[in-house]
Amino acid sequence: MTTAALATKVARPRTRAWTVFGWFAFLFLIASQATAIAISPPDRDMGDLQKIMYVHVPSAWMTMLAPLTVLVFALRYLWKRREQDDLLAASAAEVATTFAGLTLMLGMIWARPTWGVWWTWDARLTSTLVLFLILAGYLALRALVDDRERRAQWSAAVGILGAINVPIVYMSVRWWRTIHQMQSSPATVDPAYVLGLRLNAFAFLFVMVFFIHRRYEAAMIERAAEHAAEAAALGGSST
Amino acid sequence: MALRDEWRRARAIAWKDLTTERRSKAGFNSVVVLAVTILVLFGFALGPDTQAIRNAAAGEIWLSALFAGVLAFNRSFQLELDGGALDALILYPGARRAIFAGKLLGNFAFVALMLTIVIAVGVVLFQVRVPAEWPSLLAILFLGCVGLVTLGTFYAAMASRSRAREVLLPLLLFPMLVPVLLAAMEGTKALLGGDIMGDAGAWARLLAAFDVVFLVATLLAFEFVIEV
Amino acid sequence: MQASPGEVVGLLGANGTGKSTLLRVLATLLRPQAGSARVCGHDVVRAPGEVRSLVGYLAHAPGLYDDLTARENLLFAASMLERDQREIDPVLERVGLLEAASEPVRGFSSGMQRRLSIGRLLLVRPRLLLLDEPYSNLDAGGVALMNGLITGWVNDGAAAVIVLHELAPAAEVLDRTVTIVQGRIAASERVPDRAAILPVLATG
Chain A
111 MTTAALATKV
121 ARPRTRAWTV
131 FGWFAFLFLI
141 ASQATAIAIS
151 PPDRDMGDLQ
161 KIMYVHVPSA
171 WMTMLAPLTV
181 LVFALRYLWK
191 RREQDDLLAA
201 SAAEVATTFA
211 GLTLMLGMIW
221 ARPTWGVWWT
231 WDARLTSTLV
241 LFLILAGYLA
251 LRALVDDRER
261 RAQWSAAVGI
271 LGAINVPIVY
281 MSVRWWRTIH
291 QMQSSPATVD
301 PAYVLGLRLN
311 AFAFLFVMVF
321 FIHRRYEAAM
331 IERAAEHAAE
341 AAALGGSST
Chain B
358 MALRDEWRRA
368 RAIAWKDLTT
378 ERRSKAGFNS
388 VVVLAVTILV
398 LFGFALGPDT
408 QAIRNAAAGE
418 IWLSALFAGV
428 LAFNRSFQLE
438 LDGGALDALI
448 LYPGARRAIF
458 AGKLLGNFAF
468 VALMLTIVIA
478 VGVVLFQVRV
488 PAEWPSLLAI
498 LFLGCVGLVT
508 LGTFYAAMAS
518 RSRAREVLLP
528 LLLFPMLVPV
538 LLAAMEGTKA
548 LLGGDIMGDA
558 GAWARLLAAF
568 DVVFLVATLL
578 AFEFVIEV
Chain C
227 MQASPGEVVG
237 LLGANGTGKS
247 TLLRVLATLL
257 RPQAGSARVC
267 GHDVVRAPGE
277 VRSLVGYLAH
287 APGLYDDLTA
297 RENLLFAASM
307 LERDQREIDP
317 VLERVGLLEA
327 ASEPVRGFSS
337 GMQRRLSIGR
347 LLLVRPRLLL
357 LDEPYSNLDA
367 GGVALMNGLI
377 TGWVNDGAAA
387 VIVLHELAPA
397 AEVLDRTVTI
407 VQGRIAASER
417 VPDRAAILPV
427 LATG
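Chains as they are written, first to last, in our numbering: chain A, 111 to 349; chain B, 358 to 585; chain C, 227 to 430.
Heads up, some of the hints might be wrong.
With the C-beta cut set under 8 Å, the calculated list includes, among others, these residues of chain B facing chain C [claimed, not checked]:
hint, residue
1, Arg366
2, Ala371
3, Lys373
4, Thr377
5, Gly440
6, Ala521
The hints are simulated quantities; they were obtained by calculation from the structure and are not laboratory data. Glycine included, each C-beta is placed from N, C-alpha and C at the ideal position.
With the hints as constraints, model all of the structure from the sequences given.
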């Protein structure tokens, strides 16, 4: 499509619907947090510290969901070779990195008062750290490759392999911990907390989808500007 | 048969890489010396208490092999870039997989030989007793080497052609290698310690599964990496 | 722009105007951002495999392995191209490298390296020759060799597109010249009579 059409398509039509969705997502998040904090009783051992679970756990779930998104878009890019899929994959990866970082920080904030240390080599926290590093590698690759097509294809390959590795990393780290019979953080969730968790899981999902889309929109606008500059340089319409 | 042709091309590429490596002796020798240096540095880091160093022997050996190995992986593609030979390589007929397989074979021979030397030196430096089940140890070394070389070659195909290649390869490779390294180090550690719990077998099986997954994935993904 | 079988087209233009880029697109090493290219009816983007089996690309860089001997370089090429090993020595002789065949390429002069690269092309047997400044680093004997080879290929029905820095060395084989200015074709002229051109170049 011509540059003019691309720019218009990107900049306006669906933005209004997504803005509404954005507001909904954030309001839903606030409501879910409030509900969860209000209805859940303090934990026997952790007291009110338990409430951090309502941001930490959904954040962790999003951290695992986002690479799946990257995988899907990366595969689609290699299949159809549309720029949009590459930008979607990259946006999902950026958001995934943010959620991974958030999960890690919340995990550390929870660990400090509970165990007195900032970091334990807990299976899930460690796996999240490895995942964070894998994602950071993906972003570094994108930053260091200038050629657009090369960047897209390499990102797709790296993204797919990274996504495949996510379950493998979690499994091997967990095995590593069990072999050495180290204690891990409580895995079972008291039924009293389940509703709060579920609500917030959905809230985080909506927020994540919104973030990915906004990031994608920004990337598309950037791309449209690049196309325009190229077309001007070539001295004519670009088709 | 097409597969036989692919295999022949892969062997030709491996032959070319290894012949070049043999002639420019500087390469292999330097990498081995580097690996040994890293072993020594580990000794300084964890010692002088020999017990501490010996307990960490498995980790020390594999990490030395890893750090020295990344140099080998980038070298393998640098060979194609120096004289502009990569263009010619891409233009030859046949599946791209054959190029990857050839590079893999060459790198595997290189790293396997280096790893053997590192183990020998490690056993001496860290006063490790060679276990009775040394064939099992060899199996773990082999499987770990396969995983290391598979992912190393794959990411080097990209890193060697981008900016900041020295940092990009480890940055991409090391986190991805966590499962392989964990399994290899744990299996090695178990065997060096007499494998009382019988864990080594489980780690070996896990390592073999990882190798299969990564081999298949990289073979399939390579054409997207080399073609652009 | 078109090149027919048996035709030799020279690409002229200042540095950086896109001549080498055009060659790389035809060789399927680069994807065009706009427009299309076909080689013997095959689209370079949609059917790169077929195009590759038809083209012979001589890059500016030698594309050789420095630590291998001349013969080993061709041995490798023959393995990859599924050519018989017995074709190698005749090729070495044709490009005048038979005596130096067992020496590592590292010690070769740039002229000798260029000859070896051309020798590799003989093994490729292309239908379309894509030569990027093939005469650079060649002495008079090398130029004569190159022109002889081009004539041979062309007589077999191949076409050739040659990126040129200067017209003189290629004058006797050229059929047409295309001049590129800032990425666009500015002129396309037939080289009418080679005998007529040469005196002009000798004085100019």
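Hints versus structure:
{"no.": "1", "hint": "Arg366", "result": "holds, 6 Å"}
{"no.": "2", "hint": "Ala371", "result": "violated, 11 Å"}
{"no.": "3", "hint": "Lys373", "result": "holds, 5 Å"}
{"no.": "4", "hint": "Thr377", "result": "holds, 4 Å"}
{"no.": "5", "hint": "Gly440", "result": "holds, 5 Å"}
{"no.": "6", "hint": "Ala521", "result": "violated, 23 Å"}
This entry does not satisfy hints 2, 6, going by the numbered hints stated previously.
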